[in-house]
Amino acid sequence: GAGVSQSPRYKVAKRGQDVALRCDPISGHVSLFWYQQALGQGPEFLTYFQNEAQLDKSGLPSDRFFAERPEGSVSTLKIQRTQQEDSAVYLCASSLARLAVYNEQFFGPGTRLTVL
Amino acid sequence: QKEVEQDPGPLSVPEGAIVSLNCTYSNSAFQYFMWYRQYSRKGPELLMYTYSSGNKEDGRFTAQVDKSSKYISLFIRDSQPSDSATYLCATISSGSARQLTFGSGTQLTVLP
Numbered sequence: 001g002a003g004v005s006q007s008p009r010y011k012v013a014k015r016g017q018d019v020a021l022r023c024d025p026i027s028g029h030v031s032l033f034w035y036q037q038a039l040g041q042g043p044e045f046l047t048y049f050q051n052e053a054q055l056d057k058s059g060l061p062s063d064r065f066f067a068e069r070p071e072g073s074v075s076t077l078k079i080q081r082t083q084q085e086d087s088a089v090y091l092c093a094s095s096l097a098r099l100a101v102y103n104e105q106f107f108g109p110g111t112r113l114t115v116l
Numbered sequence: 117q118k119e120v121e122q123d124p125g126p127l128s129v130p131e132g133a134i135v136s137l138n139c140t141y142s143n144s145a146f147q148y149f150m151w152y153r154q155y156s157r158k159g160p161e162l163l164m165y166t167y168s169s170g171n172k173e174d175g176r177f178t179a180q181v182d183k184s185s186k187y188i189s190l191f192i193r194d195s196q197p198s199d200s201a202t203y204l205c206a207t208i209s210s211g212s213a214r215q216l217t218f219g220s221g222t223q224l225t226v227l228p
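Residue numbers (the numbering used here), protein chains in the order written: chain A, 1 to 116; chain B, 117 to 228.
A couple of the hints might just be wrong.
[Said to hold, decoys possible] 30 Å max Cα-Cα, derived DSBU-like pairs, lysine-lysine:
{"id": "1", "chain 1": "A", "residue 1": "Lys57", "chain 2": "B", "residue 2": "Lys186"}
{"id": "2", "chain 1": "B", "residue 1": "Lys158", "chain 2": "A", "residue 2": "Lys78"}
{"id": "3", "chain 1": "B", "residue 1": "Lys172", "chain 2": "B", "residue 2": "Lys158"}
{"id": "4", "chain 1": "A", "residue 1": "Lys14", "chain 2": "A", "residue 2": "Lys78"}
{"id": "5", "chain 1": "A", "residue 1": "Lys57", "chain 2": "A", "residue 2": "Lys11"}
{"id": "6", "chain 1": "A", "residue 1": "Lys11", "chain 2": "B", "residue 2": "Lys158"}
{"id": "7", "chain 1": "A", "residue 1": "Lys78", "chain 2": "A", "residue 2": "Lys11"}
{"id": "8", "chain 1": "B", "residue 1": "Lys118", "chain 2": "A", "residue 2": "Lys57"}
{"id": "9", "chain 1": "B", "residue 1": "Lys158", "chain 2": "B", "residue 2": "Lys186"}
{"id": "10", "chain 1": "B", "residue 1": "Lys158", "chain 2": "A", "residue 2": "Lys57"}
{"id": "11", "chain 1": "B", "residue 1": "Lys172", "chain 2": "B", "residue 2": "Lys183"}
{"id": "12", "chain 1": "A", "residue 1": "Lys14", "chain 2": "B", "residue 2": "Lys186"}
{"id": "13", "chain 1": "B", "residue 1": "Lys118", "chain 2": "A", "residue 2": "Lys78"}
{"id": "14", "chain 1": "B", "residue 1": "Lys118", "chain 2": "B", "residue 2": "Lys186"}
Derived by calculation from the structure, the hints in this document are not laboratory data.
Full structure from sequences and hints, please.
Here it is, written out as structure tokens:
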């Protein structure tokens, strides 16, 4: 079975450009998370979807960051007017959503964004 | 202060050594504790998780949680060069959206 896939794997953007990062979760996984991982740091939570509903976006660093999952499967993280401090690896993770049971989050390989 | 603090490393050990990796956390609401392994240019992969306090063993790996001191440990016995990676501790609060809160990671190199 396929794992979580992300595209592109690498993205170089000039400061001020808009970028879109795609995540394909594991089929049947209801929950989807986005994390940001700066160099030498652990991943930090950005936002969470249950099916198509964005239930938590408390980790999004600014209103330049926008995420969507319109049909409850593929998700896109969009960053508008990119800044140098946006340079990081963006990780997507998916999990089953069984209540009251620990749900392992499966991570994709990430998209490495470099803003020049 | 970050919710999860991790010994930064880097850590370099000879093959066959016992490795000890450690984290502390501040939020007593945390119930689940995980260790993830991340190879270079890959996503994190789950090694082990424990619920509440106690020990859990899986082959050469042992995870230990002491909730009274808010201390998390991972022990690797008979370390191998293939264990060379960044190890991330993480917690998850039962009352939240179930997002993971990670430590900063410890880079481990096992020398042949």
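- Between Lys158(B) and Lys57(A), does the CA-CA distance stay at or below 30 Å? Since the Cα atoms of Lys158(B) and Lys57(A) sit roughly 25 Å apart, the hinted pair holds (cutoff 30 Å).
- Message: Hint check: Lys118(B) vs Lys186(B), CA-CA at most 30 Å. Holds or violated?
- Response: holds, 13 Å
- Straight-line Cα separation of Lys57(A) and Lys186(B) no greater than 30 Å? Distance ~28 Å between Lys57(A) and Lys186(B) Cα, so the pair holds.
- Task: Below or equal to 30 Å on CA atoms is what counts here, so check Lys158(B) against Lys186(B).
- Result: Given pair Lys158(B), Lys186(B) holds - Cα atoms ~29 Å apart, limit 30 Å.
- Message: Between the alpha carbons of Lys57(A) and Lys11(A), is the straight-line distance 30 Å or under?
- Response: holds, 23 Å
- Regarding the pair Lys158(B) and Lys78(A), is the alpha-carbon distance no greater than 30 Å? holds, 21 Å
- Message: Between the alpha carbons of Lys172(B) and Lys183(B), is the straight-line distance 30 Å or under?
- Response: holds, 14 Å
- Query: Given the hinted pair Lys118(B) and Lys78(A), is their alpha-carbon gap at most 30 Å?
  - Reply: Holds. Lys118(B) to Lys78(A) sits at ~27 Å (cutoff 30 Å).
- Holds or violated: Lys14(A) with Lys78(A), Cα cutoff 30 Å? holds, 15 Å
- Item | Proposed proximity, Lys57(A) with Lys118(B) (alpha carbon, max 30 Å) | holds, 19 Å
- Query: Taking 30 Å as the top limit, are the C-alpha atoms of Lys14(A) and Lys186(B) close enough?
  - Reply: violated, 43 Å
- Item | 30 Å Cα cutoff - pair Lys172(B), Lys158(B) | holds, 25 Å
When each numbered hint is compared with the structure, a violation occurs for hint 12 only.
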